[in-house]
Structure formats: C-alpha cells, structure tokens
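Colleague: Chain order of the listed sequences is V and D. Going by UniProt numbering, the first residue of the first sequence is number 1, and it counts up by one from there. Going by UniProt numbering, the first residue of the second sequence is number 1, and it counts up by one from there.
Heads up, a few of these hints could be off.
[Unchecked claim] Only pairs whose alpha carbons sit at most 16 Å apart, straight line, appear in this in silico EDC-like list of lysine to aspartate or glutamate:
id, chain 1, residue 1, chain 2, residue 2
1, D, K278, V, E152
2, D, K258, D, D231
3, D, K251, V, E378
4, D, K415, D, E387
[To be verified] Among the chain D residues that face chain V by a calculated CB cut under 7 Å, a handful are:
id, residue
5, P186
6, I498
7, V522
8, F525
Treat the hints as calculated values from the structure; they're not laboratory data. Ideal Cβ placement from N, Cα and C applies to all residues, glycine included.
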Amino acid sequence: MGKIDVRKYDKHTIKYEIKSAISKCSCRGLKESTKWLAELSFTLDIEAVKPSPDYTATYYGTPDFFDHQESSQLKEQDFDRYTLAKSYYDVGEYDRAAYMVGNAESGPSLFLKLYSQYLSAIRKQQLENLGNHGTKERALGRNETLRALSVELSQMVKTDNVDSFLLYLYGILLKKTSQMSTSAQHNEAVVVLCRSVQLFPMNWEAWRELSSLVTDQQSIFAMELPNHWMKEFFLAQTHVDLINADEALGIYDNLKKTGFMKSWHIKTQEAIAHHNRRVFDEAIQLLEEVREQDPYRLDHMDILSNMYYVKGRRSDLAHLAHHCTQIDKYRVETCCVIGNYYSIRSNHEKAVLYFQRALKLNPNYLSAWTLMGHEYTEVKNTSAAIQAYRNAVDLNQRDYRAWYGLGQTYELLKMYSYALYYYKQAHRLRPFDSRMLMAVGETYEILERSEEAKMCYRKALAVGDIEGMANIKLAKLYKQESLNDWAAHYYERFAQQAEERGVVEGTKSHTEAFLFLARHHLQHNSYDSAVYYGHKCCEYPEVREQGNAVLQQISQMRGKCCAADNSLAPILRMQPIPGHVNDSVNTMDTTSPAGNVVPLKLTFSPGQAESDTSNIM
Amino acid sequence: MEGVLERIRNVSAGCISKFQYESALFWADKAASLSQYEACDVYHLAQCMFHMKQYDRAALLIIRRQLHLKHSVFRYLAAKCYAEAKQWQAALDLLEGCQKDPNISLSKKLPSTESVNGIPDDKEMLTSLHLLRGNIYEAMEVREIAAECYKDALKADIFCYEAFERLIGHHMLRADEEKELLESLPMSDLCKGVEEEELVRFLYKTKLKKYDKPGEFEVPDSADNLHENLDVATSLAERHYYNCEFRTSYKITEGILKSDPYHPSCLPLHVALLVELKETNKLFYLAHQLVGKYPDLPISWYAVGCYYLLQPKKQELARRYLLKTTLLNRMYGPAWLAYGHSFASQNEHDQAMAAYFTASQLMRGCHLPFLYIGLEYSVTNNTKLAEKFFSSALEISQDDPHALHEMGVAAYTNKDLQSALKYFNKALELIRILGEEIHIEEWGPLLNNLGHTHRKLKNYDQALDYHRQALILMPHSAETYSAIGFVYAYMGNYLESIEYLHKSLGLRRDDAFTSNLLDYVVEQFADADKPIYGDIESEEAYPIPTMDINFKIDDYSTPPSSVKPSGGSDITPEDDSKPFGDVATLSTPVSGVTTIPTIAEGRGVMMAWSESNSTLSDAHTSTSTTQTPHTARMQTKSFTGDMVFSTDDDMDLDDSINS
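Please build the complete structure, drawing on both the sequences and the hints.
Modeller: Following this line, the structure appears as structure tokens:
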C-alpha cells in the first residue's frame, strides 16, 4: 500500500506541528482534537523545531502557514466579539455563542458559529429524546437546524469558500444527516473529509470520522490522502476498527520508532487490537500501564472491564468499577464498567439498568447497545434484545457481535430464516471465524438443508474450529444419511481432536462418538479399534451397557475366529470413571442449538467454555 | 360678499388639508349656501361629507341637484358614496344608469363638457370611473365584467396600480392572461421615456404570478435603489417561497417586517412562511400583535386561524377564526383555502371541497383551489373527477409542477404508467429549471413516485436511482426505505432488500406491507442464497445442489395476518420468470398512495356544508373594496404531511383574544 517510511519524519518538526495545531483547534472549539493532540504532545517530550518551508508547503498549502497568527487577523472589535462568543461556547451556551459571533465571514469565528449551532442542535435532539432510543429518535436527518446548516455549508462548499475545518463540519453533517443511506452520500462525505485533511492534516477528529466511514480495506486505497504522518495514525486506527489487528500493530510499531513510544493513544489502540485478536493478557497489560500513568482516565476503561470479565477477574473488575464511580458516575464508560460488573455477578437486571444509563448519556455508544443485547438475552427478553442489537447494527454495520446476537435471538424465537440471514451477516464480517460458520451451519441443519450445513461445517474445520464441534456435527449428519464411513471418519477426528485439546471427555457427544465408533469398527471387523472404543464406552455410565455388549460381541467373534485374547478387557473395564463428568456436560451442552441461550460475548472469549465458566462463577 | 365667500372656501380647503373634516364640512356647507350651490362648492361639500362617512347625505346632495348628469366627477362621487355604503346596485345605476349600453365609453355619455373651476375634469376621472365600476362588479360577484373594467382602467392610466393590484392580487386572470395584459398595455404611449416604461414594466412584472417561473429577478439599472424597496423585496421573498426555499424567503420577510412591522403585502407571506416552518411561537406572537393593533384587518384573524391550524387538536378554533376572516372580507381567498385545509386535515372531505370551491370562485386565476379539490377527490378514491380538476388546474397554470405531479399520480392510479411517467418527468424538469439542484424536501414524494413508476415499468435501476435521490431530500423516510427494499427484492438482491426493509421497519415498526415483504424476502434469501464458502477441504466431489430459484408470490392482498416467519403455507410457487406478478399491483396502494398525498395534504369527509355556506353568503354580501392586497397562493403547500404539535397548551390564544 505504498507504505510511508515514518522515520523520515523529524520528531522535532512533528512536535512543532502538534503545538501549532493545538492552538488552531482549540480556538475553534474542537475539543476532541485538542485533547488528542495535547496528549500526543505531552508524551512526545522534545524540543519543537519549525518545519522547513518545503514541508509546510507540501502539507499545508502555503510555505508560510505557521507564520501568521489567526487571532491577529481579526480586528480588535471582532476579536472581542470572538472572545466573548468563545467563552460562551466554553461553558456550553452554544446558541448564545452562535449569536454573538454575528456575521463572521471566515476563520475561527465562522467555524465557531456554525459548530456551536451544530452542537446545540445535537444536544437539543438528544435531550428531547432522552430515554427513547429508537432509530427514529436518533435520526438526525429530520432535524431542521442541521438540514439548514448543511444546506448553508453546501453552498459555501460549492463556491469553494471553505477551509479545512468547515469542510470537516460539512463532512460530519453529511454523515449524520444522511446516515449514509446511499452510496452517493457516503462518497460525498468521504471526499469532503479527505479534502479537509488535505488542507490541514492535523485535525484528528476529521481523520477519526473518515476512518469510521471506511467499510473495507479496499476503500482506503481509493481515498486521496496526504502522505502526512497523521495518515499513519489514521491507517492504524482504521485497521483496528476493521479488526485487522496485525496491520494495525505493525503501523503502531513503526510510529513508536518515530518517537511516540510513550503515547497513550498508541498503547490503548494496541490494547484494542490485541483485544480483537483475543490476546487478552497483553491488552490488559497495556491498558493497565496507561492507567498507571493516567489513573483518572475513563476513556477505554470499558474495554478493560470487558477483558476482566472475559478473564473472570472479578476482584479487578470490582475495583475498577468502584474506581470509575469515584471519578465520574455519569460517564458512558463508567456505566459500561458497572454494567459488566453486575453482569459478572449475574445480576442482569441491574446490568441492563446501567447500560441503559450509558445509552441515555450517549445513545450512540455502540458497545453499550451490544452489551445490553447480551444482558437482555440472558434474561430472555428477546424483543428488547433484538431492539438493542438492531440499534447496535444501525450504528455500526461492522459490529459482528450484534449481528451474531441477532441471529441467536431469532433462533431462540424459532425464526430460522431470519437467524440465517443474521448469522450470514456475521459470517461476512468475520469470514475466518469458525463460530459464525458453525452458527450458519446449525441453522441450515434446522432448515433441513444438510448439504449447505455440511459445507459450512467443513469450512469451519478449515478455518480452525474454535469450539471443537464441527467434527461431531458433520459426523451426526453423515450418520443420519447412513454414510457410516464418513460418519466414522469425523467421529474419529472428533475423538482425536478432543484428546489433542485436552478437553474433558465424557459428554454426550463423546459417548455417542465412542459407541458409534465401537460398533462401526465391529462391523468392519477391525477389532482392535473396536475394542479400544468399546472400553472407552465402558468408562461412562450412560453407555456402559452398550459398550459391554460390543466388547462381548467382539470377544465372541474373536473366539470364533482365533484364539481370543480377552485378558485385556477386564483390566480396561476396571479403569476408574472420571468424577468431574457432570461439570463438563454443562459446559459443552450449551453449544447445541436448542440450549444456546447464553450469549456469546464473542470478542471477549477465546472459546465458548470461557464465557460460560465466567457466568457460572 | 365675494370676499367672504372666497375666505370661507379657503378656510374649508385648509381644514381638509389639516384633516379637520368636521370644521371643513361646516364651512363648506356655509360656502355652498352662500354661493347658491355652485358646482365647485357642492363638490367640496360632498367631499367633506364623504370624509365624514356621511355617504348617503353626500349622494343625496349631488343627486338632488342633478349634478351627476352634468359632470362625471359628481357621478363618480355619488357612485362612490353609494358603493361605500354598500348599496351596490344604486351605485351601478348611477354609473350606468341612463343608458344600458356599457360599450359606450363613460365619458361620452355626459353632455356637458364645460369645465368648472376647482373640479377635476372628465378626462381625469375616467380611470377612477372604470375602477369604481370594477369594484362594484367585483363586490356583486360579477368577476368577468369587473376584470374588464379594471383592464379599461389600467389602459386609461397605466399608473393606476389599484386596478392592477385588483387584477393580479385577486387572481382574476390566469398566468397567460396576465402576461398578455402586461404586453397589451400601451406602455409607450403613456410613459414619458424608455426608462420610465422600463421601470413600470419591471414593477408590474414583479407582481405577476410567480409560482411557475424560474427565479430570475433583475432590477433594471435605472432603478438600482429599488432593491431596498420593501415591495420589491417582498416580491423576491415570494419567489423564494414558491420555489419552496422557505428559509431564504423567511430571512427576507423577517428583514422587511423589521423595518416596517405591518407591511401589508409582506404579512400574508410571512404568516404563510411561519406556518410552513412551523414556528408556532412566532406566529402566536405576531397574531397577537396584529389582532391588538388591527382587529379590523382580515390578515390579523387570518394569522390567528393559521396559528390554530398548526395545532392538530385545535382545528375547531382555527375554523372559527378563519371564518371570522372571511366575514371581515369575503374576498379573502387565502382564508377560504386555509378553511378548507382545516377540514381536509380532519378528513372532512366534502366540507373541505366546499371551502375550496368558494375559493375557486373568488380566485378565478388561481389554480390552487382546483388542485386541492382534485386532491380531495383523489383521496376519496374518485380518480376520474380528481383528474378533471387537476387538468383544470393545469389549464390555469400550465407549468405548475405540483399540478403536473398530481396528474401523474392520477395517471398512475389509473395504471397509465406511460403518461404518469410523462407528467412526473415534466414536473421534475420544471423543478430543475427553478433551481440547478433540488434540495427541497417537498419534492421527495415526486422522486419517490418516479421511482414507483419506474419500478412498475421494470426499470429497476432507474427506480433505485430516483428513490435514492428522494432519500437525499428526505433522509430517514420509512416509505422510501421500503420502496428501495421492494425494488431490490425485484432485482433479486435479497441482501440489500432485507437491509432496507429493516431500516424501514426500524422507523415505522407497524407497517404491515413492509413486514410482510420482509418475511417473504428473508425466506427467499434463505432459499436462494447459496453458501459460497469456496475452498472446502473437499474430500469428496460434492454435487452442489442447484437451487432452482422459483419466485413465489406472497399474497399481500389479504390484510396482513400475523407475522409468520418460517411457515410457507401461504406461498404458492409460480413458474414463470416474472417475480411477484401480483404483488406489485397489490402493493402499490400501499407504497404509492401513502407517499403521494404528502405533497399536498391529508383530508376527509362531509357534512351539511351547503347550509352553513348559504348562511354565510347571506350574512356577508358586503365587501370592503379597500382591502390590502393579499396573496392567495400563500397557503399552497403549507399543510404538507403531518403537523407537529409543538407548542404548549398554555400558548392558547383563547384567553387573550376575546372578541
């Protein structure tokens, strides 16, 4: 992808750029960008050197970009006006700020005016619909103020009378008001944001929005982006969002070499990438590092709590929850942490309550929707769960957990064609995740389309069967079709796999497998194998009878054919029966479709078993 | 003696100019007596009486002395007095009394041509006579003759704005007739110089019907300062209004009202804009102010009525105040339209139509009443009649995109897809002329309807395209999402279809058509979508089952039963290749009609309207001839879609307006 060698950038000039950008963003009230840049600047502890004119000309249009101060462009009177407006803006009185700016033509004042109007409209919409989070209420497209704003901006854009910041504002307006219902709108938003970052590459919010518009890796190449070092951050962020953990980690490594070793942003992003790869220990470690340096941080703490949850670290989770409550009870992240905390204690009603609070605070908080869906599934409130998942999907089409959750819920409702659709969506997003494939396969099986089901199971095997259920499923299907050879093949692989993975034997599937194999081998006169599996059968009370029967049959046959060597059988028979069989029955049975009510916290768990054990605790 | 008379005459004249009419009357009376009722003194006396609103007295004064037979001034004055006293027939008799042949010019009928000092001579009075005659005829509801009279007045004197205003403002002419009139005016004869002509022509042109014209607006160089003239600005605002650019228009009218808070021609426009933008609070305040200051002007009560019109639960009150408006001035067309809207919004179709009919009689040159009547008919499923009214609306205004659109809808419901397409396309073309880009929500339904038509014509790509454009205009529209899903279903793109149908249901959960369609599509998807999981480690050559993708018909005609997700019982396979054969036709009422009326409004059913109507006309046969110019079209598209009830109840006007 034409990787830029990040090292060619001088960190001293980077520092200068950041510092200059901080003042630019903060005078426009771009709080998030300022925060991000300031954090970056703080962790980049070196002297700032002004970049060369060539460099400036390449990335900022004019070589003397850094020379003139924006505030000095304003006349005295206007400056006072601007300062007043900005102070209103800072205390959150947006309408007042917008009015005060008056008829600014350009520069920070104009941006402040429009941005205040935008924020005010958003806030009003949110307050009006407090507690009702349907798609309809969140739909900003019907908001008159926003529409008027976007028309105004579109006219400015047409006359080319806009700077990078106005373009950014136009971009987010396009995104928010249309919800990307058509590809034309999507493309327009992308183009506008690209232009914004071309004109001024230091506005992180613009990059962030752009990254949220990327639906797949291909579309990154289609964008016209400046080869600025900020692009690296953007690419990495996008890869994290697209769950391409390896690419993201590679870029972050590169960036760290440039001098951003200490950056908290990079650390948290790396943690998220690891989390997506389900390498939890590393992710937890990274986030804890960040927390150590910045103990009152709430950003991304919900992710940390998710991982504690998956790992079953209850005390850590409790501690984190209490700590977050102390910092700020009314933050989305805090609410999610508390929700997770209650969930791990199996107090699902309370968990739902907290997720709801999170959503009241920010109805666009994706993971709260998904988590709430899980909680609702736990308490078997299917319609609420569907609603929650659907909201999650509306917010972010790439959230495969929500798609999967929808599939599960519809399966629970016995609406299998719907479930199939949702599972397929999930599969499309995670083509190499066997769990999705298994789900699709199971649904096909219920729909009595065994050919497709078999295809799915075999594909699941090919991509690495996480749950270890593909073999047995296949075997059962073949058995039903009386293709005993194939069935035996897969049963054998199942048994083999179980042994390799060290899974506790003795579930129904195992016993079934052993019994089948014993009988099968018996039929085919391969007595040794038959004996082996017959003995296996005898280990478990459910099938001991049948196992004995098989063994007897074998000894009879052998007795007929040749001198029977039945000294082996009694010895094997006497082997002790494992005592913990019952536990594992619980664990494994949950994967069968009918009992599949426990939501998979997909991201958090490496396998089915883990999330279940955590629930049992 | 002569000196005293002269002195008294002067005193009287002086008093008039100082607005002391009573003194003037007293002295004029004395002067008249002193001079033994010389013509000029009688004229003065009558004038004073007129100012004092002693109309009958003035008329008698003149008629007793037979002066009206000698001088047209007196004739005019006497007639004017009768007209003021609302004795139309008497006034008309005076004007036309002696000879019944109206073709002979009024001036020729008067035998005396002697000019008397202090009285305007006959020639000067010609225009006024025409105008008065027009007023009287209009009041007597003989509009054709009235229009002719106004035209005569205008031809006699092109600066007679009043006559022009009557013609245009009261919608007496159709758009093409208006243009014709402007062309036929003897501008060059009556104006002194090209610049003057240009100016007059421009000023009159700004007043012409604006709703089917592109937004060109050029002030001639000679009159550059006119940019700031409020009338000119109002015309500009109106243009924006008719192009549905309400915000822009609103900005202008707000500016106008700031410098002149009661600008008469701007107020109706402003009220219409407030309704359009649903600024209930501002409308409430404005109405209060107006009623407080001008309780006699129809516009004040019109504003109150419009305020209530915005409150879905207060239609009763809205009607009451609109009725009051029409009492104040029966000729006030916009009030009748709004009155009709109020009934229409409550599905009282017959009453609404009656109101619209009244409006149509009042505003012969305006197509809106016909358009609305047509809409009422089309809502009551009377497409034939609806079409008739739409086409008469079109006759009046050939290029009105709304009318064209409704024609298209009528054709669509009559299954005449080709002509529907033609109408829709023409409407779209016209809108595109208005603005290089359509970004006004009002046109979303048109685009959607184009989409529906193309879908039925099986041009799925174009259908999608139009629906998408509609989506840009009206983001988050459940209907549009459903329509897109429907088109995708036809195209066999079930995945997309499901997505859009979901979006639609997310916005409008209980839509039976969409949920049925979704059930169907999901099943199709489950059947048709082959798992293409490519590289299976195939140990065995698998005959991949070839799914024969039989399209099936879901019976959407039956009222949607409970959602049956996986049952396939009511699905019958169809063998040929046209998918959803029947579905399409059956579903159209859902997808088509629901969107279509939004461009105009909702409506409903009937009552004993005729009674109330007749009582009304009995009660107010009178018409004031001096009303402010109002634009009837204002109300046009005001009441689109659902009205939002956003103002609190404590904003009611009840407590404060109690007249």
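Colleague: None of the hints should be skipped; say for each whether it holds.
Modeller: Evaluation of the provided hints:
no.: 1; hint: K278(D) <-> E152(V); in the structure: violated (20 Å)
no.: 2; hint: K258(D) <-> D231(D); in the structure: holds (14 Å)
no.: 3; hint: K251(D) <-> E378(V); in the structure: violated (55 Å)
no.: 4; hint: K415(D) <-> E387(D); in the structure: holds (13 Å)
no.: 5; hint: P186; in the structure: violated (43 Å)
no.: 6; hint: I498; in the structure: holds (6 Å)
no.: 7; hint: V522; in the structure: holds (5 Å)
no.: 8; hint: F525; in the structure: holds (6 Å)
Checked against the numbered hints given earlier, the structure breaks hints 1, 3 and 5 and satisfies all the rest.
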